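Enquirer: What follows is the residue order along each chain.
2 protein chains.
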Amino acid sequence: MKKTALIMAGGRGERFWPRSRKSLPKQFLSLTNDGKTMIQLTVERILPLVDMEDIYIATNKDYKNLVLEQLPGIPKQNILCEPVGRNTAPCIGLGAVHIASKYEDAIMMVLPSDHLIKVPDIFTETLEQACEIASEDTNLVTIGIQPNYPETGYGYIKMNKEISKGTAYSVDCFVEKPNLEKAKAYVSSGSYVWNSGMFIWKISSILSNLQKYLPNMYSGLKNIQASIGTDSEEDCLISTFPTLESISIDYGIMEKASNIYVIPGNFGWDDVGSWLAIERIKGYDESNNTISGNVIAIDTNNCIIEAKEKLIATVGVENLVIVDTDDALLVSGKDFTGNIRKVLETLREQKAEKYL
Amino acid sequence: MKKTALIMAGGRGERFWPRSRKSLPKQFLSLTNDGKTMIQLTVERILPLVDMEDIYIATNKDYKNLVLEQLPGIPKQNILCEPVGRNTAPCIGLGAVHIASKYEDAIMMVLPSDHLIKVPDIFTETLEQACEIASEDTNLVTIGIQPNYPETGYGYIKMNKEISKGTAYSVDCFVEKPNLEKAKAYVSSGSYVWNSGMFIWKISSILSNLQKYLPNMYSGLKNIQASIGTDSEEDCLISTFPTLESISIDYGIMEKASNIYVIPGNFGWDDVGSWLAIERIKGYDESNNTISGNVIAIDTNNCIIEAKEKLIATVGVENLVIVDTDDALLVSGKDFTGNIRKVLETLREQKAEKYL
Chain A
1 MKKTALIMAG GRGERFWPRS RKSLPKQFLS LTNDGKTMIQ LTVERILPLV
51 DMEDIYIATN KDYKNLVLEQ LPGIPKQNIL CEPVGRNTAP CIGLGAVHIA
101 SKYEDAIMMV LPSDHLIKVP DIFTETLEQA CEIASEDTNL VTIGIQPNYP
151 ETGYGYIKMN KEISKGTAYS VDCFVEKPNL EKAKAYVSSG SYVWNSGMFI
201 WKISSILSNL QKYLPNMYSG LKNIQASIGT DSEEDCLIST FPTLESISID
251 YGIMEKASNI YVIPGNFGWD DVGSWLAIER IKGYDESNNT ISGNVIAIDT
301 NNCIIEAKEK LIATVGVENL VIVDTDDALL VSGKDFTGNI RKVLETLREQ
351 KAEKYL
Chain B
1 MKKTALIMAG GRGERFWPRS RKSLPKQFLS LTNDGKTMIQ LTVERILPLV
51 DMEDIYIATN KDYKNLVLEQ LPGIPKQNIL CEPVGRNTAP CIGLGAVHIA
101 SKYEDAIMMV LPSDHLIKVP DIFTETLEQA CEIASEDTNL VTIGIQPNYP
151 ETGYGYIKMN KEISKGTAYS VDCFVEKPNL EKAKAYVSSG SYVWNSGMFI
201 WKISSILSNL QKYLPNMYSG LKNIQASIGT DSEEDCLIST FPTLESISID
251 YGIMEKASNI YVIPGNFGWD DVGSWLAIER IKGYDESNNT ISGNVIAIDT
301 NNCIIEAKEK LIATVGVENL VIVDTDDALL VSGKDFTGNI RKVLETLREQ
351 KAEKYL
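So the protein sequences, as listed, match chains A and B.
Residue numbering for the first sequence follows our numbering, beginning at 1 and increasing consecutively.
Residue numbering for the second sequence follows our numbering, beginning at 1 and increasing consecutively.
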């Protein structure tokens with residue numbers, strides 16, 4: 001069966017401020033040393049499985065030009081611009097009806113645009129396994145990540161003990177972000193994996209589940225589907241999409257549907273969820289620093305320093321994240337990067353749009 | 001007797017890097033909120049006592065244009081450019097022979113160009129007292145600063161118990177920068193003041209002392225004096241000045257001469273010796289931060305942040321000094337600002353002249 005992909009690229013990447021901005025969010029940045037942006041790497045990773053013309057990008061209209069620039073091989077009509085952000089279920093539904101208007105049925109892989117994967121070969125193998133399972137019945141498949149520490153910032157998936165369908169496990173339940181105590185228990189049990197937000201299913205499977213569990217959304221999506229390729233396509237999207245319920249695919253479908261499978265992935269996944277990820281990605285020097293750009297570090301330990309052309313000199317500091325950009329600089333304690341959002345809140349209050 | 005002043009402005013101000021640079025050192029910067037540079041404030045403070053045409057600036061040739069720009073009222077011939085740095089004794093001697101070539105005798109006040117004084121009125125009163133004492137005999141007068149903590153970075157002056165000449169004390173001895181234990185003893189004894197590097201004497205007094213204690217230097221200076229106003233003035237300075245012994249006035253004269261007096265000054269003196277001085281000068285906000293420029297400080301305490309137009313956002317940090325300039329940024333732990341010199345050493349090794 002034809003394989004297609006929907007790459008979700010509407011996020012703001014606020015935890016990567018000041019490098020990530022409203023006008024150039026994280027998925028359009030290069031955070032690795034190869035110069036490729038995260039969304040370019042995402043596309044590159046799935047090209048062994050999916051033709052370029054079958055890759056769809058869901059984003060918002062502000063980022064359409066960024067997608068065109070960074071991914072010139074993607075057909076223009078495959079760039080799906082959400083008029084407003086409506087969480088993942090409507091976004092995925094929009095992708096599904098576009099693919100449905102092109103193919104009678106097809107495999108659809110739903111992938112975030114802003115994750116990194118260290119071993120792409122294992123990733124594509126895992127996706128191939130997922131495609132096999134997804135091609136049967138109305139199976140909905142998700143990729144889980146084998147946890148190696150009790151992260152409290154991710155949702156978890158509880159697997160049933162017995163293996164079904166070869167390497168996949170049937171899903172017992174999805175669980176929300178746990179507290180540390182619960183996370184520890186999840187990790188030590190061996191029965192839980194992190195929810196990576198990657199899904200694989202047939203178009204027919206996801207549409208039938210949308211019809212069953214989110215009938216109003218399904219009906220709106222079918223209206224949109226009917227307009228695809230007509231003169232009213234854009235008008236219909238603009239008038240209909242904002243009426244769709246804002247709900248995540250996890251909550252709207254995955255936690256309710258049957259035939260849910262999870263494949264534990266061991267391909268070096270990183271959601272690059274904060275500046276601290278940079279040291280995981282780039283590694284440390286002998287002083288436990290992760291440094292790039294024009295930096296002189298004296299008596300400096302355990303710091304992440306992302307400089308550009310401006311010289312950054314550090315003297316007698318530790319456990320800091322320092323990130324320079326043309327118009328804004330961040331100096332954050334490593335344990336406080338979660339509070340970068342407070343900077344953005346302040347900027348919004350000050351109507352300092354240019355820094356957002 | 002005519003009052004004249006020599007302002008010493010040849011320093012590099014390296015402890016104020018990256019704001020202070022080889023091409024624009026500390027004395028030519030404004031560190032206060034009034035927009036006036038330190039050397040402008042120095043001149044302003046003594047104008048109640050000294051005519052502009054009797055103020056001499058000793059500096060090096062690289063800074064001649066800065067002096068002309070910042071102090072347009074100073075006669076061009078009063079800007080004395082040392083061909084090489086030779087410590088304070090030759091610098092003061094050069095000033096003395098220039099003044100000697102203009103006046104038969106005069107009071108000479110020697111003042112650093114990069115100190116701040118909170119109460120200029122008390123400062124001028126103190127200088128007036130010093131001028132009175134200096135006008136008698138061959139008295140050499142220095143201004144001491146009443147210490148309010150055991151600073152180990154300054155030299156101290158031990159006063160004799162008995163008051164001589166009104167408000168002045170005769171000097172027992174000059175002592176080098178002490179260790180903390182000694183500094184504590186000095187402060188608690190009540191008999192010690194900080195050596196401020198400010199001196200007041202008659203031209204005839206300092207020249208006779210130079211002749212006595214530094215006869216070779218005196219002889220070189222007399223050669224220079226003979227050339228002043230002639231066609232060979234510049235050549236003579238360039239050939240003679242580098243031959244003068246590199247020695248401080250403290251070590252060369254003050255520790256040896258008799259008739260030394262010190263007046264304890266209580267005029268809110270600050271030598272602005274490191275970035276930490278900025279909080280003494282500018283004060284703190286409710287989070288003990290001293291902030292200027294475009295800054296958003298979240299969960300930030302006890303920091304000095306000198307931003308310019310670029311936004312600096314701090315999150316969860318404390319005890320830092322953050323200083324931004326157009327091409328270089330410093331992030332230093334407050335207890336480590338003394339190691340800023342290591343940054344400059346590294347820059348010299350890298351031949352990164354533009355940042356020095």
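Derived by calculation from the structure, the hints in this document are not laboratory data.
Hints are not guaranteed to be accurate.
Since the list can't tell identical chains apart, any single copy or any two copies may satisfy a pair.
Stated by the list, open to error - Using 25 Å as the maximum straight-line C-alpha spacing, the simulated DSS-like pairs for lysine-lysine come out as follows:
1) 102 with 36
2) 334 with 212
3) 354 with 310
4) 310 with 2
5) 64 with 222
6) 61 with 22
7) 61 with 256
8) 310 with 334
9) 282 with 118
10) 354 with 308
11) 3 with 118
12) 22 with 310
13) 36 with 310
14) 102 with 342
15) 182 with 3
All values reported here derive from a predicted model rather than from experimental measurement.
Enquirer: If a hint holds in the structure, say so; if it does not, say that too.
Expert: Comparing the hints with the structure gives:
no., hint, verdict
1, 102 with 36, "neither (30 Å within a copy, 71 Å between copies)"
2, 334 with 212, "neither (45 Å within a copy, 62 Å between copies)"
3, 354 with 310, "both (20 Å within a copy, 12 Å between copies)"
4, 310 with 2, "neither (49 Å within a copy, 51 Å between copies)"
5, 64 with 222, "within (24 Å within a copy, 79 Å between copies)"
6, 61 with 22, "within (12 Å within a copy, 50 Å between copies)"
7, 61 with 256, "neither (32 Å within a copy, 81 Å between copies)"
8, 310 with 334, "both (22 Å within a copy, 22 Å between copies)"
9, 282 with 118, "within (11 Å within a copy, 50 Å between copies)"
10, 354 with 308, "both (19 Å within a copy, 16 Å between copies)"
11, 3 with 118, "within (23 Å within a copy, 76 Å between copies)"
12, 22 with 310, "both (23 Å within a copy, 18 Å between copies)"
13, 36 with 310, "within (23 Å within a copy, 27 Å between copies)"
14, 102 with 342, "neither (44 Å within a copy, 65 Å between copies)"
15, 182 with 3, "neither (37 Å within a copy, 80 Å between copies)"
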